[in-house]
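Full structure from sequences and hints, please.
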Amino acid sequence: MEEVEKEKGGDGVRAVDRALDILSAFGAGDRELTVAELLKRVDLSRPTLYRLLYTLQQNDFLTANGEPQRFRLGPAVGRLAWAWTSSFDLAEIAQPILRELWEETGETVALFIPHGATRQCIAELPSPQPLSFKRGVGYTEKIARGASGRALLAWMNPRDDQLRKYCEGLDLDPHTLAAQLESVRQSGYAESQNELIVGAVAIAVPFFDQKEHVVGSVAIFGPTVRLDQARVQELAIMLREHAARLSSLLGSSDNGYQG
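Note that this note's numbering has the sequence shown beginning at 1, numbered continuously upward.
No wet-lab data here; the hints were simulated from the structure. Errors might be hidden in some of the hints.
[Claimed, not checked] Derived DMTMM-like pairs: lysine to aspartate or glutamate, alpha-carbon spacing no greater than 20 Å straight-line: (1) Lys142 - Glu182; (2) Lys134 - Glu195; (3) Lys142 - Asp161.
Right, here's the structure in full:
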């Protein structure tokens, strides 16, 4: 009797795994999928797929229409997505990725989000090295200043009037800022040296959500004596790889770098 119960339990777990595989088969650009398309993406027999599709429909995780049937994600998925987005803590989600960067680089790693004409630090792991730079959680700065700000602006596609607003009070004109942002888009990362702190270098890249909107930037700070141009290039590659993982966690499929 116990063996039978275990077998039933195992079947139930497998059924859940397979149902989740079906839901995970839908990508960001998939409005609808046919049975034939789903069969190419999940390792299931046609009868098993139909049985699970029916169960998912019954529970509002999928809807179907047309002939042949085309399946869409249903309102139950939307409710779960809303519950997740309304309760998630971005700094907490990013923490494992930030820690990996911190361990791999030995430099200060920080997370920034846009806040009107400023950007704010919401997470930071200070470098353990004696010579280092840090700003602290809660630190704010004008978004047009520094690598972490321009990494945001470059993919926010600001209008001319917004560029003028961002330059107010700075020794910077909108045309120069626009040129800087274009350079950031071309390289895929922003860099600053001696801009906010003498002797400091900052490198930053953006990360994106499921709609490919820029959510924030990840930055590395260090002294010029350690971060020469060759090292900056290495760190930029590392930053983009880790930021792409963070974007993926937030539902991005292509990381928004096409601008």
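Do the hints match the structure? See the list:
no. : hint            : in the structure
1   : Lys142 - Glu182 : 19 Å, holds
2   : Lys134 - Glu195 : 14 Å, holds
3   : Lys142 - Asp161 : 16 Å, holds
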